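Colleague: What follows is each chain in one-letter form.
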Amino acid sequence: MAGRKQSADVHQKIRAAFDAFDYEANSTVDVREIGTIIYSLGCFPSQKDLHDFIAKVEEDHTGYIHLDKFLPAMTKVLQEHKFPPISEDLLLQAFEALDKEKKDYLDPEELTKYMTQEGEPFTQEEMEEMLTALADHRNQIHYKDVVSQMTIKPDK
Amino acid sequence: MKKCSKVIHSRIVSPCNGSGKCRVSRVKFMARVVFKHAFHLNLKGNLWDCVAAMKAAVLIQRWYRRYIARLEMRRRYTWNIFQSIEYAGEQDQLQLSSFFSFMLDNFTQLNGNGPDLISQLLDPLVDPWLDRETCYNQIHVPESYTGPRLSFPLSVSDTSALLSAFKEQQTLHARYALQLLYETKKLLKQMPNIIHLSTSYIKDITICGDLHGRLDDLLLIFYKNGLPSADTPYVFNGDFVDRGKKSMEVVILLFAYLLLYPDSMHLNRGNHEDHIMNLRYGFTKEVMQKYKTHGHEMLKLFQDIFSLLPVATVIDGKILIVHGGISDQTDLDFLSSIERHKVKSALRFPRHSVGQLDIGQSCRQAKRTRSTDASRPSSSRSQSKNQGTPSLRNRRCGLSRKDSAASNSSSSSSSSSSSLCSPRTPSCLSPRPCPSSPGMPYTINVLQVPFLDSLSSVPAPSPAQHEREWKQIVDILWSDPKTQEGCSPNTFRGGGCYFGPDVTQRLLLRHGLQLLIRSHECKQEGYELCHGGQVITIFSASNYYEEGSNRGAYVKLGRELVPRFYQYQVSRSTRKLTLTQRVRAAEGSALRALKEKLFAHRCELMAGFLQCDQNNTGSVSVSEWAQVLESVLRLDLPWRTLRPHLTRLAPDGSVDYPSCFEDMGPGNPLPQVAPNLAETLFRYRTDIEIIFNIIDKDHSGLISAEEFRHTWRLFSAHLGVDINDRAIDDLARSIDFNKDGSIDFTEFLEAFRVVHKLDSKDQHLSGKMDGEKC
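As they're listed, the protein sequences go chains A and B.
The first sequence maps to residues 51 to 206 in the working numbering.
The second sequence maps to residues 21 to 794 in the working numbering.
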């Protein structure tokens, strides 16, 4: 009984997030919005994770995703905790790993180098936005402050 | 693949043989295992650093992308809130427009001594004073005036002077402003409904969208793109005024350049180039504030000028530019042929000027017998000559029969019949779908026409010519594109249509066009394509809803007719705001507006909640809460997601609905007012203010108690608010503070301004709303 109620709640949450991007009220969303929807449901997929997910649910390359396919796939993701959140601690350690000189902050050049060359690189626009957001008046990224400021509390 | 560093390999596996197939996988595996520990043990060393850095980067990227996506989500919601409220407001306006019209029509009857602002506003046809164009010469310009002194015909030095003056917050003297307006009117009269442009002699044409009184955006466009000139042609696609604070300056500049370069400067009419919209959305107020003495005359001129603006522009016979959009009835040939200036406002439904026929009468069927008591047929019309010029009277149909009687008889009879004179029956308050929206004002087929002292039924005439004309123009100015096929009435806005890609396709094909450029809707990036690229929306007022809410854009077309977009954003603060700050600011603003809406519908909402909460526990489920909000406010918003910002949860997870209203309160202490009256006042405060301002001809801030009573009765009846005469009398008496028969309506209305308690500096809030029983 509790299990059913739980999945009903999960379905409700997924539907609500989906509806926000269903502009024509016909149970479809543009594939480019999927990332945003999944993020808003508390998940932290990588770009590759997103690509894989989309491949499974997209309507034959129409550029649209229908709720009928999205709902079961997303439910599975949530119930299996597939793209788990990144805790503040882990994030902090990630920043520390980049801070070779252990100076407790990063220079924009340092951060840019990593963000645009490693992993799943940022576009220039993403990089500019990040620097604007994270750099303080001394043009340094004090990641300890940044991390606590920018961790969003989940919606109740 | 490059050779791996020897160091790595010598530590872990066999030396790299450069084949590219070194045991990277094993390295990776081991790295993964060790990495976890490395994080915790903070081991140094090249291998760990490299791998750790890579992993760290991925982690940070994932986290950051998600953060941005969440922000985007919030921005999206915020946008929805602003847009919903904006369109709902426009709907309200359209509903009230029939009331405004009626009010404006009938107010002259109440006081009926010669022409005044009202009649001037309404029927501009014959007015000897205003046709004397040299009147502005009589205006004296003092020596102390340091602003631009324009000389006509205008030259570049005049427009430069205007630019400098406006950048320094100066106001153009009325004498020059008036002359500018007269010259503009003269010029516009010569223009056709549809302007045809060609790119053969010029490099690029620049097309701009809504400006809405944002002078900064206009100046930024001129700065980035160049001032209008023979080599730099522009098309401004409507909505120059309203909402922004510098509508006057914007429109003066646009008209000045129009006069200076009539072949390279082109203006299309927008839905806000409409004197009734201006009453509500700020332009009228701005003009009256900046030009206290001559504001009336200017508004009169603007009414004409706006209706004389061309409604469309076509480039190279291939690109159509209109402000709103099209409908399945749009016919450019027909549109070219009509007399566009006759459609003064989308909100003034066209009337027959023939005989006694008045479609509006059909709504009065119920009270027909009563009204004939007080009225006489056409003969009475000629008797009303003493009230304003005869031609004015004759054009007013139907209502004027009663009007002549109303001037002498008691107000009650005219009010009771007048409440049914609006094209829509007043019983429904809900904003959609409104049967009298400009798209479809007439729903009844049989007319009861008074003849002598009885009635005869006549079949309604088929839509007359000028109704077709009116609809053509309203569709052009108010429609929005949508993704679904077909054409349906635009119930969201209350005017024009929603047109689908098939409608666009058909129209483009029919007239040999390839692209439709329109404005009318605010877009986050300043522009948007739809209908497979056949429709471009261009919007030029950045930060429209709030600081950081959107960019502005303009589009340029060269001879090859391929659109190129240019975006910008005017920022009030010099420091660049981060996305987070912008989203937070916009969100805060949107939520405030939303909360005000909630407060203004408090009684209805509480009634809805109580229906779900029969035992009066003070809480309902989240679904019920969302449902009540949706049905009362009729705003299509993600209520569940917004819930945390609007209300608290009870310990058991249900919604504590009274908490919706606890942050808000009235401005001044409320006078003794019945709850439903109070709510109406909260909701329509701005509109009522406009009406009172109209009545208050000498701008004293006072109106007579009698005027107040009459207005209020009409208004309530129109809205279907059940109010009896006694309550109105009591109200009038209670706010007649000096007991001298006059009412300070500004003070009165101040009580109905919704105030956010948390930021109110005024601690004298007495008499909370909770005291009233809803």
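A hint or two may mislead.
[What the hints assert, rightly or not] Here are the simulated lysine-lysine pairs, BS3-like style, with alpha carbons at most 25 Å apart:
| # | chain 1 | residue 1 | chain 2 | residue 2 |
| --- | --- | --- | --- | --- |
| 1 | B | K209 | A | K152 |
| 2 | B | K209 | B | K75 |
| 3 | A | K163 | B | K75 |
| 4 | B | K205 | A | K63 |
| 5 | B | K320 | B | K205 |
| 6 | B | K576 | A | K98 |
| 7 | B | K205 | B | K310 |
| 8 | B | K265 | B | K209 |
| 9 | B | K75 | A | K150 |
Note that these hints are calculated values from the structure, not bench results.
Since we're looking at a predicted model, the values are computed, not measured.
Colleague: Does each hint hold? Answer for all of them.
Modeller: Here's how the hints hold up against the structure:
1. B:K209 with A:K152: violated (74 Å)
2. B:K209 with B:K75: violated (70 Å)
3. A:K163 with B:K75: Given pair K163 (chain A), K75 (chain B) holds - Cα atoms ~14 Å apart, limit 25 Å.
4. B:K205 with A:K63: Roughly 57 Å separates the two Cα atoms, so the pair is violated.
5. B:K320 with B:K205: Holds, at roughly 11 Å.
6. B:K576 with A:K98: Measuring from Cα to Cα gives roughly 38 Å; hence the hint is violated.
7. B:K205 with B:K310: Holds - the C-alpha atoms of K310 (chain B) and K205 (chain B) are around 21 Å apart, at most 25 Å.
8. B:K265 with B:K209: violated (28 Å)
9. B:K75 with A:K150: Measuring from Cα to Cα gives roughly 14 Å; hence the hint holds.
Hint compliance for this structure: hints 1, 2, 4, 6 and 8 are broken, all remaining hints hold.
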